[in-house]
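Order-wise, the sequence lines are chains A and B.
Per our numbering, residue 1 is the first one in the first sequence, and the count goes up by one each step.
Per our numbering, residue 1 is the first one in the second sequence, and the count goes up by one each step.
These are computed hints drawn from the structure, not numbers from a lab.
Since the model is a prediction, treat every value here as computed from it, not as a measurement.
Hints are not guaranteed to be accurate.
The list that follows gives simulated cross-link-like pairs (lysine-lysine, PhoX-like), each with its CA atoms no further than 20 Å apart [said to hold, decoys possible]:
1) A:K116 - A:K144
2) A:K151 - B:K144
3) A:K129 - B:K116
Ranges of calculated distance between the beta carbons of each label pair, as one might list FRET restraints [said to hold, decoys possible]:
4) B:A134 - A:K144: 13 to 23 Å
5) B:E27 - A:R131: 27 to 37 Å
6) B:N5 - A:H128: 22 to 32 Å
7) B:D26 - A:Q63: 26 to 36 Å
8) A:K144 - B:K96: 22 to 32 Å
9) B:E41 - A:Q63: 24 to 34 Å
10) A:K96 - B:E36: 48 to 58 Å
11) B:Y44 - A:Q63: 40 to 50 Å
12) A:P17 - B:K96: 44 to 54 Å
13) A:T37 - B:H128: 36 to 46 Å
14) A:R140 - B:K129: 34 to 44 Å
15) A:T37 - B:Q99: 19 to 29 Å
16) A:S42 - B:D53: 14 to 24 Å
Covered, in the sense of this in silico footprint (three residues per stretch, anywhere, with C-beta under 8 Å from a C-beta of chain A), are these stretches of chain B [claimed, not checked]:
17) 16-26
18) 40-53
19) 60-68
20) 99-106
21) 113-123
22) 142-154
Backbone N, C-alpha and C define an ideal beta-carbon position, used for all residues, glycine too.
2 protein chains.
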Amino acid sequence: MMQPNILFRFAKRVDLPSIVRMLADDELGSQRERYETPLPESYYSAFEQIDNDPNHELIVAEQNGEVIGTLHLMFLPSVSFQGGLRAQVESVRVDKRFQGQGIGGEMMNWATERAKQRGAHLVQLTTHKTREDAHRFYERLGFKGSHLGMKLSLK
Amino acid sequence: MMQPNILFRFAKRVDLPSIVRMLADDELGSQRERYETPLPESYYSAFEQIDNDPNHELIVAEQNGEVIGTLHLMFLPSVSFQGGLRAQVESVRVDKRFQGQGIGGEMMNWATERAKQRGAHLVQLTTHKTREDAHRFYERLGFKGSHLGMKLSLK
């Protein structure tokens, strides 16, 4: 399904409440985010770091002036793969009211094209093992679930 | 097992051949690296990017003046987790001649302490599903295999 009137662009500071609302609006996210007015300052300081680093691109999908999707695209220099640049995608969300319309797929295709433009040889991401619909979604886009993603909490 | 005479330090340009030798010296690495003399220039340009970016730390373990281990520690600003900083570990290797002596564990503990110092709330990594001994190694260090790691090759 094509969504011809969707614009993908870099996020601005004023987009943060919309982004955090989407991050908080699911089972895992609701346990770890704080979607409040005003937002906790820690979100704004993270945004500044991302916005000032050319290897980080926080992206939003906008439709009719409204932010309805987001992802964070990172470019990671690496010695491995003959010094090949990796792209990594984190924090992918589509507003629940707009899910099932192909917006996530278009957003990921946009990110993959962007990664190619910047010379990455690979796009990598992890999704929680419980997000089985996400696994199928990424497999349809060509991703292979070849790895185990491991986390150590420091809190 | 403690290895009291092991030094962990930032890699220098002259360490690159030792690092690439270790990356190339296993089943998966041998298919994708080019350990040659001189090394392909792409390794050096990746090293320069890593070395110039304060969010990237390429680490080596040195014993008696010899490089016997490496890992790449990255710090990733993120909007999620209330704007929490993530640490990510890539390209972990211990020279085959020195495996089984606890060096990998000490190197990972060093990296975890470093991540805490820099304020990360999480250390994350992915390992290939076929590396079952690596999964057990990271589980012993407290990592949980909660995620599926997915990759899309752009080549």
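Okay, the segment 16-26 of chain B and chain A, do three or more residues pass the C-beta test at under 8 Å? holds (count 4)
Please work out if A:K151 and B:K144 have their alpha carbons no farther apart than 20 Å. holds, 5 Å
Given a hinted range of 34 to 44 Å, is it respected by the beta-carbon distance of A:R140 and B:K129? Roughly 20 Å apart at Cβ, these two residues miss the hinted range, so it is violated.
Do the beta carbons of B:E27 and A:R131 sit within 27 to 37 Å of each other? holds, 30 Å
For A:K129 and B:K116, compute the direct alpha-carbon distance and say whether it is at most 20 Å. Violated, at about 26 Å.
Status of the given 48 to 58 Å range, CB of B:E36 versus CB of A:K96: Because 52 Å falls inside the window, the suggested range holds.
Distance restraint hint 24 to 34 Å, applied to the beta-carbon atoms of B:E41 and A:Q63: violated, 44 Å
Examine the segment 60-68 of chain B for residues whose CB is less than 8 Å from any CB of chain A, and state whether their number is three or more. Violated: only 0 residues of the segment 60-68 of chain B have a Cβ under 8 Å from chain A.
19 to 29 Å was suggested as the range; check whether the CB atoms of A:T37 and B:Q99 agree with it. Because 53 Å falls outside the window, the suggested range is violated.
Against chain A, does the segment 99-106 of chain B show at least 3 residues with beta-carbon separation below 8 Å? That given contact is violated, which follows from only 0 residues of the segment 99-106 of chain B lying within Cβ reach (below 8 Å) of chain A.
Consistency of beta-carbon spacing, A:Q63 to B:D26, with hint 26 to 36 Å: violated, 47 Å
Decide if the proposed pair is consistent with the structure: A:K116 and A:K144, CA atoms, cutoff 20 Å inclusive. Holds, at about 18 Å.
Of the hints listed earlier, those the structure fails to meet are numbers 3, 6, 7, 9, 14, 15, 19 and 20, in rising order.
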